[in-house]
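Q: Protein sequence lines correspond, in order, to chains X and A. The letter at position 196 of the first sequence is residue 196 when you use the working numbering, and the numbering goes up by one with no holes. The letter at position 163 of the second sequence is residue 163 when you use the working numbering, and the numbering goes up by one with no holes.
Be careful, since some hints might not be right.
Stated by the list, open to error - Have a look at the derived ranges for each label pair, beta carbon to beta carbon: (1) X:Asp19 x A:Arg89: 39 to 45 Å; (2) A:Ala108 x X:Gly47: 44 to 50 Å; (3) A:Ile115 x X:Pro50: 35 to 41 Å; (4) X:Tyr122 x A:Ser136: 25 to 31 Å; (5) X:Met120 x A:Val226: 23 to 29 Å; (6) X:Pro187 x A:Arg89: 51 to 57 Å; (7) A:Arg110 x X:Thr334: 47 to 53 Å; (8) X:Lys99 x A:Ser136: 19 to 25 Å; (9) X:Pro187 x A:Arg158: 42 to 48 Å; (10) X:Met322 x A:Ser136: 44 to 50 Å; (11) A:Glu92 x X:Pro345: 41 to 47 Å; (12) A:Glu92 x X:Lys156: 37 to 43 Å; (13) A:Val226 x X:Ala283: 19 to 25 Å.
In short, the hints are calculated from the structure, not lab data. Beta carbons are placed, not taken as given, at the ideal position from N, Cα and C, and that holds for glycine.
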Amino acid sequence: MKAVCWMGKEKVSVEDVPDPKILNPRDAIVRITSTAICGSDLHLYGGFVPTMEQGDIVGHEFMGEVVEIGPGVDRNKLKVGDRVVVPFTIACGNCFFCKRQLWSLCDNSNPNYWIAEQMMGYSPSGLFGYTHMMGGYAGGQAQYARVPYADVGPLKIPDGMPDDKVLFLSDIFPTGYFGAVNADIQPGDTVAIWGCGPVGQFAIRSAFMLGAERVIAIDRFDYRLQMAEQGGAETINYEEVDDVIQTIKEMTGNIGPDSCIDAVGMEAHDHGFMYMMDRTKQAIMAESDRPIALRQAIQACRKGGTVSVPGVYAGFDDKIPMGAFMNKALTMKTGQTHMMRFMQPLLERIQGGEIDPSFVISHRVPIADAPEMYKIFRDKEDNCTKVVLDPWAAAAA
Amino acid sequence: MHESETLFSQHGPDGSRSKSIPKWGALLGGGTLAVVGLTRRSKSGIAMAAAGGLLAYAGMKLNSNTEPGVAETSLLLNTSPDEAYRFWREFETIPQYMSHIESVNKIADRTYRFIARVPVIGQVRWDAELYTDRQSEGIDWRSLPGSDVDAEGSVRFRKAADDRGTIVTSTVRFRPAAGGLAGAARYLSKSASFLLRQNLRRAKALVETGEIPTTEGQSHGPRSVVTGVMRSINPVKPARGEHGFQEMVEARRSVS
Ligand SMILES: NC(=O)c1ccc[n+]([C@@H]2O[C@H](COP(=O)([O-])OP(=O)(O)OC[C@H]3O[C@@H](n4cnc5c(N)ncnc54)[C@H](O)[C@@H]3O)[C@@H](O)[C@H]2O)c1
Ligand SMILES: [Zn+2]
Ligand SMILES: [Zn+2]
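One chain only, chain X, in its complex shape:
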C-alpha cells in the first residue's frame, strides 16, 4: 500500500509498504477513505518531538471501512463493512483510566510504556502515527491501517454522511471541544484563544456551544482570523498590535478573559527577544518547546480563571510565569483529548446541523502530494488551513 513515512527532520515521503496485518486479537484493519494532516504532525515533521524513527508511518486523523477484524473483537460493536472514524488515541477500554473516561491516559495501550515513564513518570495512551515514546503505532496517512482494540475506539458513521463532515471527529473537532470543556466555561464568559488553526477554530465554535458570550481569537494570518470571525470571534492579529496582553486587557475592561485556551503548542511564533531565546534554545536542544502562547495565556488570564492547553508540548519549557499562575490562583487543564468521550455527542451535533466541520478544509489532494502539502501547511502558504488526503486518488499529472 501507499503510506506517508517520516524520513527525518522536515522530510516525509510516500512509500510503498506492506499492507498492515492483524497483530493482536482485538485488532481491525481499516481501508482508509480520507485522512488529514494535523498541527501535531507538523511538530513531528519539524523534528521537535523525540523518539521518531525513519520509516515510521505518520497520520492520526483517518476514517474508512473495516475490512478485517481479529477474533477477539466484540462482534456486537464492530464488524467487517462498518464505516468508521478512528480516534487518534488508542485505548483498551478496561483499565483504571479507560473506566473513568480518561481515554488518552489508557494504561495498557502503549507497548513502549517504559520510555514515556522515564520522561513523564507514567505513560499516556498509545497514539497513531506518533513517536515511539507514545507506542510507535503505524499511522493513518496510508491506504490501510491496523486499529488495536477495535471494539473500543472506532465510531460507526451512518450511511449518507460524507467523509468531509465526519473526518474531523478523529481528532481536531473533539480536541477543540475538549479545549473548551477544559476552559470550564460558564454562561456569559469571555474566552481568549491563542491560535486560529483547525484546533483553535473548533475551540472557538465549541466555546460558544458551551455558553461563552465573547471569544477573542489571536493569530497572525488574516485568512485564519477571518475564519475565526465567521465563527463569531473578535480577533487580534498579534503582529499588528504592540502588546497582545495589553490589547486583551483593553478589550475586557482590564479584568481579563475568564479563561484562556492555548491552541498553539510548542512551535509558537513571535517577534522579539523571548522568541529568539526560545528558538535558539530549541535549536541547541536546551529547551524542547517554545511556550510563547502559554506564557501569554497565563499572563492575560483574569484572576481565578482557567487556562486550558490543547496545544501540544513535548518536553521542558522555560520561563513559565509560575508566580502569576500561583498568585492569581489560576487553574490549568490539559491533555491529549479523551476522544471517545466526545465523538458520539459531537457526531450528534453534526447530524443535528449545528455545525459542519468541513469548513476548515482548504486543500484536498492525492496522497502523493503529501510531502509538498506538509510544507505548505507548515508555512501557512496558499491560505492553507487543513489538508485532506485521498489515499486512493492517482497523483495529479
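With the hints as your guide, set chain A with the ligands onto chain X.
A: Chain A with the ligands in isolation, oriented as in the chain X frame:
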C-alpha cells in the same frame, strides 16, 4: 548446583537467607539483548550487557560472597485479588507474558519446571517449588537444588483502596556474580526490577484486555541503519514466538 542446597532453609524469611543465588536478571525476561562477553560458565561473573547500559546479566555459576540482588515492583490491576491470584497461579500461562520463558510444566505437586531461553547463554532450566500458596493472597516459590538458577520469589495480591482493584507486588531475590564490580548488586537489582516491571505490565495488559499491546510486525517504510541496529537491541522488545497470538485469543478477559 553448588552450596546452595541449603540456601532457602537456613535463614529467615526476610530475604537475608539468599546466599548464593546467581544471575536472575536475564531470566526475568525483557531483553533481546546483545550480551557482552557472557558465557555460561563465566567465572568473571557479571557481564554488563548492551543497550546503553540499561540491562545487565550476571554469570551463571557464582560464588556466594556477594550481596544479594533484589528485584521488586508492583502494579495496580483492574481486577479482584482472587482473579489476579488465579491468573498468576496458572503457571503454564507464564510464557505468554514473560519474555524468554519458553515453557512451564508441572512436574510434581507444587513443583514446576521452568525452561527459559536467554541470549548467548542458551537454554536455562530450573525447578521451582511453591512453598506457600494462599488463595487470593500470595505465592512464594524457590528454585530447587539441581537447577541452573538459584532464586526465590513471591507475588502478593492486596485489595487496593477505593475498590480500584488489586495491587500486585512481585519480588525476586537473586545473587549476582562474585568478583563483580562494586555496587553490582544494586545495579543488577535496578535492571532486574525494570525487567520485572515489564513482565508485570504485560501480565496486567493480558488480564485487563485479553492481549499484550504490540507494534512488532506492523508496516513501515525504509529504516535507516542506525534504526535497524537500535531495534535489534531493544531491551524490551516483546518476545512472542509461538506463544502469543493464538493463546491470547483463547485467554479470557477477566474483567469487563
Ligand atoms: N491536545 C490534543 O489532543 C491535540 C490534538 C490535535 C492537535 N493538537 C495541537 O493543537 C495545536 C494546534 O494544532 P493545529 O492543527 O490547529 O495547528 P496549526 O499549525 O494549523 O495552527 C497553529 C496556529 O497557531 C498560530 N500561532 C503561532 N504562534 C502564535 C502565537 N504566539 N500567538 C497566537 N497564535 C500563534 C499559528 O499562526 C497557527 O495559525 C498543535 O500544538 C497541535 O499539536 C492537540
Ligand atoms: Zn491531530
Ligand atoms: Zn485502558
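Q: Confirm or reject each hint.
A: Okay, the hints, checked on the actual structure:
1. X:Asp19 x A:Arg89: 39 to 45 Å: Because 41 Å falls inside the window, the suggested range holds.
2. A:Ala108 x X:Gly47: 44 to 50 Å: Roughly 58 Å apart at Cβ, these two residues miss the hinted range, so it is violated.
3. A:Ile115 x X:Pro50: 35 to 41 Å: holds (38 Å)
4. X:Tyr122 x A:Ser136: 25 to 31 Å: Once the Cβ atoms are compared, 27 Å apart, the range 25 to 31 Å for Ser136 of chain A and Tyr122 of chain X holds.
5. X:Met120 x A:Val226: 23 to 29 Å: holds (25 Å)
6. X:Pro187 x A:Arg89: 51 to 57 Å: About 56 Å separates the Cβ atoms of Pro187 of chain X and Arg89 of chain A, which means 51 to 57 Å holds.
7. A:Arg110 x X:Thr334: 47 to 53 Å: Taking Cβ atoms as reference, Arg110 of chain A and Thr334 of chain X lie about 51 Å apart, which means the hint holds.
8. X:Lys99 x A:Ser136: 19 to 25 Å: At 22 Å between Cβs, range holds.
9. X:Pro187 x A:Arg158: 42 to 48 Å: Because 46 Å falls inside the window, the suggested range holds.
10. X:Met322 x A:Ser136: 44 to 50 Å: About 46 Å separates the Cβ atoms of Met322 of chain X and Ser136 of chain A, which means 44 to 50 Å holds.
11. A:Glu92 x X:Pro345: 41 to 47 Å: Cβ of Glu92 of chain A to Cβ of Pro345 of chain X: about 45 Å, so the range 41 to 47 Å holds.
12. A:Glu92 x X:Lys156: 37 to 43 Å: holds (39 Å)
13. A:Val226 x X:Ala283: 19 to 25 Å: 22 Å Cβ-Cβ, so the 19 to 25 Å window holds.
Consistency with the previously given hints fails for number 2 only.
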